[in-house]
Each structure stands twice: as C-alpha cells, then as structure tokens.
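Q: Listed below are the residues making up each chain.
6 protein chains.
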Amino acid sequence: MRLSEADIDRVLEEDIRFGDLTVRALAIGEKPGRMVFTARRDLVLCGSDEASRLLSSLGASVIFAAQTGTCVEKGALLLEAEGTAAALHAGWKTAQTLMEWASGVATLTREIVAAARLVAPRIAVVCTRKAVPFTRQLSFKAIIAGGAECHRLGLFDTIMLFDEHRPFLTKPNDLNAIITKLKEYAPERAIMVEVTSEADAFGAAEAMAYVVQHEKFTPNILARVVLRRKRVDGRPVIAAAGGITAQNAGDHAKAGVDTLVTSALFYAKPVDIQVRISSL
Amino acid sequence: MRLSEADIDRVLEEDIRFGDLTVRALAIGEKPGRMVFTARRDLVLCGSDEASRLLSSLGASVIFAAQTGTCVEKGALLLEAEGTAAALHAGWKTAQTLMEWASGVATLTREIVAAARLVAPRIAVVCTRKAVPFTRQLSFKAIIAGGAECHRLGLFDTIMLFDEHRPFLTKPNDLNAIITKLKEYAPERAIMVEVTSEADAFGAAEAMAYVVQHEKFTPNILARVVLRRKRVDGRPVIAAAGGITAQNAGDHAKAGVDTLVTSALFYAKPVDIQVRISSL
Amino acid sequence: MRLSEADIDRVLEEDIRFGDLTVRALAIGEKPGRMVFTARRDLVLCGSDEASRLLSSLGASVIFAAQTGTCVEKGALLLEAEGTAAALHAGWKTAQTLMEWASGVATLTREIVAAARLVAPRIAVVCTRKAVPFTRQLSFKAIIAGGAECHRLGLFDTIMLFDEHRPFLTKPNDLNAIITKLKEYAPERAIMVEVTSEADAFGAAEAMAYVVQHEKFTPNILARVVLRRKRVDGRPVIAAAGGITAQNAGDHAKAGVDTLVTSALFYAKPVDIQVRISSL
Amino acid sequence: MRLSEADIDRVLEEDIRFGDLTVRALAIGEKPGRMVFTARRDLVLCGSDEASRLLSSLGASVIFAAQTGTCVEKGALLLEAEGTAAALHAGWKTAQTLMEWASGVATLTREIVAAARLVAPRIAVVCTRKAVPFTRQLSFKAIIAGGAECHRLGLFDTIMLFDEHRPFLTKPNDLNAIITKLKEYAPERAIMVEVTSEADAFGAAEAMAYVVQHEKFTPNILARVVLRRKRVDGRPVIAAAGGITAQNAGDHAKAGVDTLVTSALFYAKPVDIQVRISSL
Amino acid sequence: MRLSEADIDRVLEEDIRFGDLTVRALAIGEKPGRMVFTARRDLVLCGSDEASRLLSSLGASVIFAAQTGTCVEKGALLLEAEGTAAALHAGWKTAQTLMEWASGVATLTREIVAAARLVAPRIAVVCTRKAVPFTRQLSFKAIIAGGAECHRLGLFDTIMLFDEHRPFLTKPNDLNAIITKLKEYAPERAIMVEVTSEADAFGAAEAMAYVVQHEKFTPNILARVVLRRKRVDGRPVIAAAGGITAQNAGDHAKAGVDTLVTSALFYAKPVDIQVRISSL
Amino acid sequence: MRLSEADIDRVLEEDIRFGDLTVRALAIGEKPGRMVFTARRDLVLCGSDEASRLLSSLGASVIFAAQTGTCVEKGALLLEAEGTAAALHAGWKTAQTLMEWASGVATLTREIVAAARLVAPRIAVVCTRKAVPFTRQLSFKAIIAGGAECHRLGLFDTIMLFDEHRPFLTKPNDLNAIITKLKEYAPERAIMVEVTSEADAFGAAEAMAYVVQHEKFTPNILARVVLRRKRVDGRPVIAAAGGITAQNAGDHAKAGVDTLVTSALFYAKPVDIQVRISSL
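Residue numbers (my numbering), protein chains in the order written: chain A, 20 to 299; chain B, 20 to 299; chain C, 20 to 299; chain D, 20 to 299; chain E, 20 to 299; chain F, 20 to 299.
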C-alpha cells in the first residue's frame, strides 16, 4: 500500500514547515552525518518505506531500510541514512515517530494473530473501520504488515446490516426478508449481518447471510452458535466482534469462529526505536 | 483550534468516498431519523464541533452539541442530530470514532493534569511532538481541551538543544558556549536544553538556559536538581520528560519541577460513546 | 454520494480561475437575472446537487433543483437559479456540462438496465473500474442514479482472479488450489474469478468461486454455462462481461446470467440540456 | 502539457488507495514480471507519459514508452515496463484506461482534422470548453496530441459575446455598440461573437469582430456568409460551431470557414489497448 | 474572481494552524466583541470579500463589508464584524494583511491608470505574468479592482513571440515568415510580438502582428513608432513595456500607444488599514 | 526550509497549466537548448533550489545552481540548465520571477541587518507575521537567507499581549496581573508584550515580561527606555517595532535595543536577474 506524495509532504510539514530553528541557530546544517535506527525490542516493522521516502525528500541518502512486515529482534538495524545535519535532524523525529507508531500497530497485530492461530491455525483476524482519524491508510498498511486484514474499508465496499438500520425498515424484525432484499440488490456480494442476540444470530444464519458478526458474545455462546448454525458447506462465516484483544483472542478462537473482528489494533502503543546520530 | 474544511472533507472521505452501499441496498436513505450520542463513562469531551461540521456537511441538522473541553458524566448527552437515514448513517461511525478518540486524549490529559496538580497546583503539563502521524492538529486540540498545552509545535517554533546536535559542534561539551551562541542568535526566545545527566543539568542551569528538560531522571534526582539549581528568580524552568504517565505524574510533581513533558497523551485509549439511531 | 468541497472547487476552477473576462468587459456583472435549465429529451437526471452547490458557492440562489435519479420528460424543469449576471454566467456552462455529462451516464445506465430487466427482472447491472480518469466518484454516482451498481470500486475492495495473475503462481492452472487459497485468506469475502474459456468457467464453478465472470462469452455459450454449472443453491453467481451494450443486454439477460458487467456506461454521450438566461 | 504530481497521485488513488487485495491474497507481490501495452487498432497515442509516471511511482521500471502524439499502427508497442507483480498489477488498469481514453480523444481528433483538411488544408479545428468534468487538462492534452487546438480555455482567457449576455445590456440588439465597447475594453484581444442568425452574422462582421462564430448554420448558409462577409484582409475569422462531427467536418470545411469548433472530441470512445503480463 | 475554499483555508492556516496561544493563555476566548477596519488613507479596496469569508469561517458575523473595487476616503469604514474574542483575534491580522496588501495593489493600479488616462482617456493598462509567487489569482483580482486588466494569464492563453524563441527557429530573423506561421496555426488569436529594436518593431508591424509590444523603448521613439507604423485601421496595437511606473505612465501615454504593460503593480506597498477591537 | 512538492506544482501551474501555446505554434518544443540566469546587480540569492526543482520537474537538467543565502556580485552565474526548448520556455519566467522576488526579499534583509549591525553587531533583526498572503513559507525562507529571523510564525507559537486583548480582560490596565497570569499559564515560554506608551513599557518591564516590544517609539525614547529599564541580567529584551526600514535601522540600533521587528522585508522590490536562452 502506497502513501501518496501529498501524504509524505503532509507528515513532513507537520514538523518542519518553517524549518529547524535549532539547527539554524547552531549553524551546523551543512555538516555531514549518519543516522541509525535500531529496534529497542522485538517488533514487526512498518513505516520504513515512508521513513525512507521522507528522508530522501529532505536530501538524505538511505543506505539501508528493512522491509515493512519483517519481524526483527531487539537491537536489529531498521534504517540507516547519511546526509547533512540539516537533513538528518529535519527527518529524525518524524521518521522515528512514524515507524514507532506503525510498528506498534503491526506488532500488536502479530500478537493477536499469533494468539488466535495458536489455537485455530486458519482463523482470520480483521480490523474494523474505527481507525484513528486521518490515519486509515497507514493503519491498514500496518495491520496488513502484522498479518491481519481489513474487514470493511468504509461504508462503500461492503453490505453490513446493523440494528441501527432497522428502525427505518417497514418490518424491522423480519431478518429473512431484509437479507433476501440485500442479496437481490447485490447478488455478487457477501451479505454481512451484525447481531446482538442469539435469536438474531440464528435468524441471520437461516436467512443465509454470508457472514454473521456476533457483537459481544461470550466464547461459550459463540461455541454454541458455531455448533448449531454452521452448515456443512461451512456457511455462514461466523465472526466475533466487540472487545477482542490479545488476551482473549485465544478463547474466542477456541470457540470455533472463522473471523475475529477488532478495533484494538488501531490503539496499539508505539514500540520504542532507538535513533543514533553521529557526524562523519 | 479550527480544522480546515479540507480536513473535514478528508475524514469524511475516509469512510464514505463512494457512498453507503448498505443504505442504498436497503433503500432507506430518505427516511427521517434522529441520532443521539451519549457518554458511556465520565469523560472530557473533544471533537463535538468537528462531528457537528461533518454531520452538517452531510445534510443533517445538529440540534445539540456539548462544547469541546466540557467534563461530562456518564450518560450525558453529547450530540444530537436529525436528518435522513442516509445522512445519519453516513456520519455515524466517523463522528463517533472522532469524538471517542479525541475525547480519549482529552480525558487522559485531564487525569494526568489532575494527578500532577493535586500535588503541585501550578505545575504545567505539556505534550511532545510525537503525535500519531497525520493527527497533530486534532491531537493538540484534544490535549488543550484536557487542560494541558503543547511543548513544541514542531522544529520551527522553539530552540531545543539535544545531545544529538552536539556531534556536529566543534566543542560538543562546552554547554556554556553553546547556550550563549543560541541566546545570541535568538535573544527573544526561551532557550531549552534537554539533558540526560546530572552534570549537564547543572551545566545548562549555569549557562542560564531558560528551560532545562531532564530526560528520564527519577523523582529523587529531580528533587535534588530543583533544590540545587533553581535560582531565586525561579529560573531555570525545570522540566521532567521521559515516561511520564498518569501513574507517576504525582511523584514527579512532588519533586518540585515546573513542567511535565509527556508523549503518553497521544496514545490514550478512546472512550466509549453510545450512539442511538431512531426513526421519526 | 457526496462530492467533497475540494471537488466542487476544482470543477469550478477549471472554468473560472481568473474570472469571466467577457462579463467584466461588458460591465454587466451586477445586473440581476434568472437561469433555467430544462431537459431537451427524456432523461435520468444526475448532477443537479453538484450544480446547485457550485451555483450557490458563486453567490446565486437555487430556487429549484430536481433530484438526482429522477426520470424526467423532455421539457421538464431541472434547475432554476437567480443571482447576478456575474454569478449566473460564471456557473452556466460548468453546471450545464456537469449535468449533461452525468445525466448522459445515468440515462444510458437506465436504458441498459431496462433492456436487461425486460427479459430478466432481477438481473443486476454493474460497472467496471474503467471510469474516465479523474471522474470515478461522479461516474459511480451517475451509474447508481441510473439504477445500476458498482462491481469493484478499485483493487482494494474485492478479490478477483484474472488470467494475468496466474503467471506469478507456482501452479497457474490449478484453479481449485488457487481459489481455495483465496478463500482461506479472506473467508468473509466473495471470491470472484474472471474466466476466458469454458474449461476455466467449469473449473471456477467447481472450486466454489462465489462469482464467475465470463469475459466475452456469447449468449449461447453463457446459456450453456448457466444450465450446466448453476447449483441448486443458486451458486456461483454467473456474470457476463466484455462488450455489453444497450443493444445486446437483452440477449445476455436471456441467457440466464445473474449480472451484467459493463464499461459502456462511462462513455455515454452527454444528453442535451437547454439553458435560458434572462434579466430580472 | 504536464499533469501535476498531485494529479498522478489522484488517478492512482482512484484505484489503489488501500492496496491490491487480490495480489496480497495470492502472495505473489514480490515476483518479477513484465507488462507490455500494444495497440489493438491504428491510433494516435496520448497518455503514455502519464502512464510511465504512474508506473514509476509504483516502483516499476519503464523500458519503453512511445511518445504522445505519435500515430501508431495496430499491433505496435506502446509501453513496456518491468517490476514486481505488485507494481505491475497496481498500475495495469489505471495505465491502460488512461491511455485508452486519452488516445481515443486524440484519435478522433486526428480523424476530424484529417476530414476537414482533406478539403481545406489550412482549416483549424478547435475544441469547446465542454470537457468531461475534472478532465479538462488531460482532454486538452489529448486534443492537441491529435492535431487540434483549444478554442477557449475557460471564461478567463477570451472575450466571447453570447446571446445570453444581451438581456443584461441596455441596447441588446446594437451589436455595433457592444463590439465597440468590448474592443475598447481590451484593445489587445481578438473579440469573438457567437451568432445564431444570419442578420447577427452580418452585424458582427460589420462591427469588425475578430471572430464570428456561427452556431448551427448549415454548410450552405456558411458558404454564403463566407462569400458575402469575408473582407479582402481575411477578416473576420469565420468559425462554424454546433454539431460538428467527423462525418460532417468535410462539408463545413468546403463552405470555406476558417475554423471548426467542436465538443465531439471530448466524448470519443476509448480505443482498445492490449496488455500482456508475464513473469520473468 | 472567486478564491477557492482551499485558498481561504490556506491563508487562515498560515496564521492559526495550532490556535491562538495568547488568547488561550488569557482565557478570554468566549468574550463577545466587535472589530472595525477603517482606511488610514484614500484607497481602492480589494480583499474585503475574502476577509469576510475568512472571518465567517472562524465563526464571526460580518455586519458590513465595503465592496472590492470601491474607492474610499481616509477614515471610511471598510469592514465590521462581531464575534467572540477568539474569532476576532484569530482573523484580525490575516484579514488586515490581506486587505492591506490587495488594496495596495488596487490603489497603485488606479494611480497608474489615472495617470495614463489623464493624457489618453482610452489607453489600456495591463499587468504582466510576473506576480509574486503563489499570489497570481489574488494579484489579478486586485489589479482588476484597480481598473486595469491582465495581459497574459500564463503561457497557455496567448501567443507572444519573444527574442528567446528565435534561436530555435530555422530562420530566426525572418519575422514575416514567423508571424505568418503563428497566424496560420491559430487563426482566431491575436498574435503578439515583443520587440527590442526599432527594426523589429517595423518588421512585426509589416508582418501584420496584432499587437507589437515594445520593450524598453523611450516615449520619443514610441511616438515615432506610432506615427510611422499605425495603420489607418488602427492596427497594430502598440504596447509599451519595461519599467512602466506611475511616474512615467503619462509620458508613455502621450506617445500615443494603445496599451501599457507593467509588472510594477505586483510590488505595490500595502496601504495602512486601522483595526479597532472592542468588547461588547 | 523545504517547500512541499505541492507548492512546486502550484507555482508551476500558475503559469503553464494548459501548456505553452507559443512554443506549440512555433513547433520548436523538441529543440535542445541552454538557459542561463545571471545577476544584474549585487544580490543575496534565494529561490535557486525551488527554481532547480521546478526546472527538473519539467524535464530540464540543472547543471549549476548557486546556493540560497549566497551573496553574489553583479554578473555572477546563478543557475544554468539544459533541456528542450519546451522545458526551458515552460520554466523560464516562473524560475526567474521566483528567484527575483525571493532574492529581493533576501537582499533587502541583508541591507537592514547590515545597517543595524554596523552600529550594534549583536542586534537581531526579525520579521513580523504580515507576509504577503500565500507566501509565508517562501518569505520566511528568504528572510532567513538574508540573515534575519522570524519573530512569530503565527498566532500559535508565541504569547504576545497586544492592547487589543485588554478590552476582554477584567482589569485591562493591571499589566502586572496579566503578565503573571501568562507566565503561570506557560512557564516555559518567553512572554512578549507590545506596548504603545512609555508607562506601559515600564509596567511590562517591571512585571518581568521576557520581551517588551515598543511600537512606534522614536530612537530617543527607546534609548531612554533601554537606560532606565534594562536590568543587569540583560532583561527584558527590548524590541523596537513599527516603521523600521533600511534607512532608520541604524538609528534604532544606536538606541541600544536588542531586536528590530519589521514588516518591510516582505515588500522588497524584486532584484533583476538576466536570463539568456540559446540553442544547442
């Protein structure tokens, strides 16, 4: 996934719009130097390509950049660049913050995926649409780097029925009629339904929804749902959502669901990345 | 702080670029409805004006919006809007996510400020530049809503000497000469120095830096620094940075520092906001 | 579907960046007037909301605007606005061109949908990704206004296997293994496969692809595919693509396919809209 | 004519905003490959430079690109690129659609120009301002590539009197006074007048308009206008507009007019371009 | 001429991106107030509509705004707004600077136009393309407000032959052939030629250029050119360029030229506008 | 200070949006050539990097570019580029205007700084926020190139009390209370106060403002202020503002102030730069 030039510009501008006052005051801008980013802990890297692009656009030369999606150990070299003190200092914190944050998301993603797949090797982990405002593209990139996928990209790409749609329908409780209508409107698409009660879970399954997303069901109840409603052809896809974290991902996976849907990935803590700057 | 029209557009576009497929499929877009946002916990609100603007730009009418910066109790009404089902569904999650995230930052900020001011009523709490990429403006707004302020807005607005600048200087250890140079370059500005050792802390204070920022000093050592280096005119400003959280803010405040500098605010967990949608 | 403020700005700027030289030279800018848009033929309207927004942003008052998606007869009033001669002349051709073009797409869409549904009342008509560069959002809006839908919004929202992916796979001809891999990667999604031979059409159906898209199959062969490969549960969805037009949509529909996929909609001829400007 | 980086970004983003889900699911992104674009019919090429830029920005290497404006024969190589499967698939349809559409405009332009110049070797063919919304720059580029030119770029660059201006003037029928006023306002500019009646055509010529544009005059009447109103110094320039197509361009040219003004070019059908992708 | 929403946003962002720190520190943002802009000298106003738009977008109410293009006397009211102290202070300097600068351009323009027209009532004054970078649209607007016009909007809208084109031509000195070629290429357009010698001035006139622009000719020589080369039909248009200022505009006008071309307008000194802010 | 890609695009688009009509008409675009920029007077260069970037983005090769901030003598080579006639002509005036304008600002800045430092070698010269609309970033860059600095970047980065804030305060005349409040709000920041009377000047100094900015004080009175109010620790910083120019900078410097604050730099006349274009 490629961030646009405008986004690289924007992230740079947040920090260096009117230049680096300290470097100007110290009159060190023209001195040559090297900047090295290393992992302070085991992590899944994301953001190294954006960091490289922004350092290059500042005039620095990127000598090495580990690839997005790589699992690296504590101490590993992530990125190395050479350039003037002006270029290195201009890009330092922006590159560091971007990689720390994106790698934080990627690393937590990998943890949740690992926890779930330990129990259920083929389970899918997907994120919701609730990304931090303005970060959707970078968030999705980091989540994919961590081994998960996106559930819905926005309102535009999938059909998902929520309870909140129903007050506007003539027969809000006739799940069968509603799902049939959705399938006729869009025969090509996998109709998804979010349910908040066991009754609706069964109703949606009977109405042949492609995916039934169970909001805040306990693993026990989910196990029961899987047992009773999963047909022999593997349908419907049983998704569990609401409060999924690295801690409870395994329990949900054990229940036999196909997919874990989580917003937790967006709010991962950044991982620490060490930066050392030296003169040449 | 006012987000630009382009930013309101951008946050909307992240979710509704090609419209709302589900509402189209259900053919409910023209039905009138009401959407109500309430707090699921005590919180400091931020983002209600942006939420209002984006709902308005979708054609909904905002009937009530609590003000950014307000402390509200669990259950309180935050925002109420009326409009077509199309408008309400188009804005629902974007408005909710924006308010949940920004209010999360504001609420954590209030907690850290409260914890610090319980001990030291005049202490200042300020954030670093390490905002989540692309969110700097909204993050700063939320932090101010929570009662803290910004430390540096970017590289452009303040002079702060880091250890990382020194390799490029002829006499990297002569703090007095360096600070004198900075003060001459910019007589109007408050020169800030980040120090990582007690020796440099004392050197920076003697060289009459305006602010000495102590990176990862324990409260005990900070107390000693305050005792020994704070002059009768209140200078230098003693700032503590590195790992400040709601848990340890009080301890640092007790040490007598003037300012707490923290990145923790940017990574606050969102607070839950309930949304109910009804037909009219 | 809502165009952003930036897009309304952009379409205006294409025509009036440095103002209206003729109106300046005639010194008539302040005179009040009325502008009326009427249909020169039966048409499905699209673009009246964008036309209204651009006229409003020029300072004119929109008195009436028929709704996007409406079928109107020759002579019907589409949009009426009042304002200064400067505002009316500034918006005239831009509003007209936008409505003529978008309504052209909507009108052709309606024709193809009508032709297909005459034969097969539940058939779906969807457009490809081959919109005229820079017009994707407006094109999709017009197509939806005309009663069709979007097939794929881009590379990001759907999984569709093309022959062009196969050279990079280890076993390019093992459709079953490929489709199984895709389904495991994304259990929630409806896997689509484009096929260009009858053998692959059968292979994709047997591998339980959700949608099999038949590229340039004749109606006769399509009928055979439907007969032989459609299972009792209605799967797979049979889509016909490649050269679908208003002329041959009925023939394809008769073959019993579920979906017609076409690029023709994007290249519809604009429909004529008459504009009359008078002084007040 | 150079599209901005922002436009290259925009056209890419339309298709690959959140990446290529199919290539991710197939896990083939890193495989090296080649992509070759060839003409499926004789055509005038346009868009190869934009296609090259967008492929390069995706990380592919462009090995060959024929030049915009070139007439090529069926089967000719238009563009060849090498890169990862991820880069090639990300750019494939966007590059193809852009070249097909822009070359469609260029090719139709060449046909109309050829038809007109067969009869009148020095006749000029120019386009109106009625480009498809958002495509003006690329449309004009394609039209110039095809051998025609632009008539007006917008409201800002030329003075052209329409009937629609007249209601706001004190003496709407005094063409002589109106044209004199326009000439005094802008002595440097070539005053243009659109006329819809033979009486006005003569009035505009007598008032020494630089260009008289005849809206929907038949070739016969145009020939009479040329005969009676063209002065010995070649003035006024006689332009024919309204419904000019490749079919009737010759007839209009035969009438002796100087310029053909047409909107037909914008709505040209795309020309087919074949794309083949292979692994390396 | 209408600045885009994006431009209004941009000019605001230059000053208030992260809010108004002083107003926050004083905690006066919610207090109601009034802001009044008055002329400190006689001036031609420009920018009041942009100032109004930016104040409105900050939440203030504009009570009065004099119209762009108005000549006002010292002390006259230009703009009055009411709103919170936060809104008024956020817009104060931006609105003031914009009006001072744009009115400075408009006022100088009026002076040059007046000086020239005192001598030659029908002379045209036009500006070059050398606007201050990023200000072209606002500059042109101010120049038009001051009673002059634009010469060329850019490279795209006019044909003007410079000496700098000639090295690339086969017969660089054959002005007649060059101009004939240009006229054939674009029969509708007024061909312009910049000349730097009397010989070329005569050559261009003989070759029937529509406009001959005389670069840095003295008024005496210009008078001779007018006398010898102006034909009875008023052609060619004689333009004088290079170093035209308010001081020498009259002398050039006396020489009988049709048009004065100047870059001086872009670099006008801003005019002082007084701002008073009061509480309500 | 680095202009964004979007800004380079924007400045180019101002001039070449729809291409270069003259070069097209002459059919010389493909001819190779050289373009050389030299100083017509002694100047301080600014803008050569932006000129280089824009020429490169047009496809020309920059062979030499003198560095921003360099003092060059009349006749010196500033920039040299080779490329097609199309590329050179497309960039010519844009590159020239940008360098002439930015170098004009830098050169005047150098003059004012020199005039002030002749008298007071350590005095600081800083600019206000009143940049020409849309040029803030380039203006600041030019001012820094000329040896001065920025005073305030906007409302966001500094605390400065104006008389205009006081009507909203409970005790508008209690400078001591106001300044104390500001210092408590932001202990890290250097509080600045603008004063317009000697009484306030003394009040602000006594209240320990960090910077006291004296608006339109004569040098004589400033000398008295310095004498009476400057404490032994060098505080407060005494700034003089209002009407500072190259002519009177020395007088103000002689008064002993620390800082000169001026808006004059923004309105510098461009310096002449010669451009020669030759064929190769």
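Think of the hints as simulated: they come from the structure by calculation, not from any bench.
Wrong hints could be hidden among the right ones.
As the list makes no split between identical chains, a pair holds if one copy fits it or if it spans any two.
Said to hold, decoys possible - Straight-line Cα separation of at most 25 Å, BS3-like style, residue types lysine-lysine; simulated pairs:
(1) 202 to 190
(2) 273 to 200
(3) 288 to 190
(4) 249 to 200
(5) 202 to 93
Q: Next, verify each hint and record whether it holds.
A: Tested hints:
1. Taking CA atoms no more than 25 Å apart as the test, residue 202 paired with residue 190 passes inside one copy only; the shortest distance there is 17 Å, against 34 Å between copies.
2. Only between protomers do residue 273 and residue 200 lie at most 25 Å apart by alpha-carbon distance; the minimum there is 22 Å, versus 34 Å within a single protomer.
3. For the homomeric pair residue 288 and residue 190, neither the shortest alpha-carbon distance inside one copy (44 Å) nor that between copies (38 Å) is at most 25 Å.
4. For the identical chains of this complex, residue 249 and residue 200 are neighbours both inside a copy (22 Å) and across copies (21 Å), given an alpha-carbon limit of 25 Å.
5. In this assembly of identical chains, residue 202 and residue 93 lie within 25 Å of each other by CA distance neither inside one copy nor across copies; the values are 50 Å within and 35 Å between.
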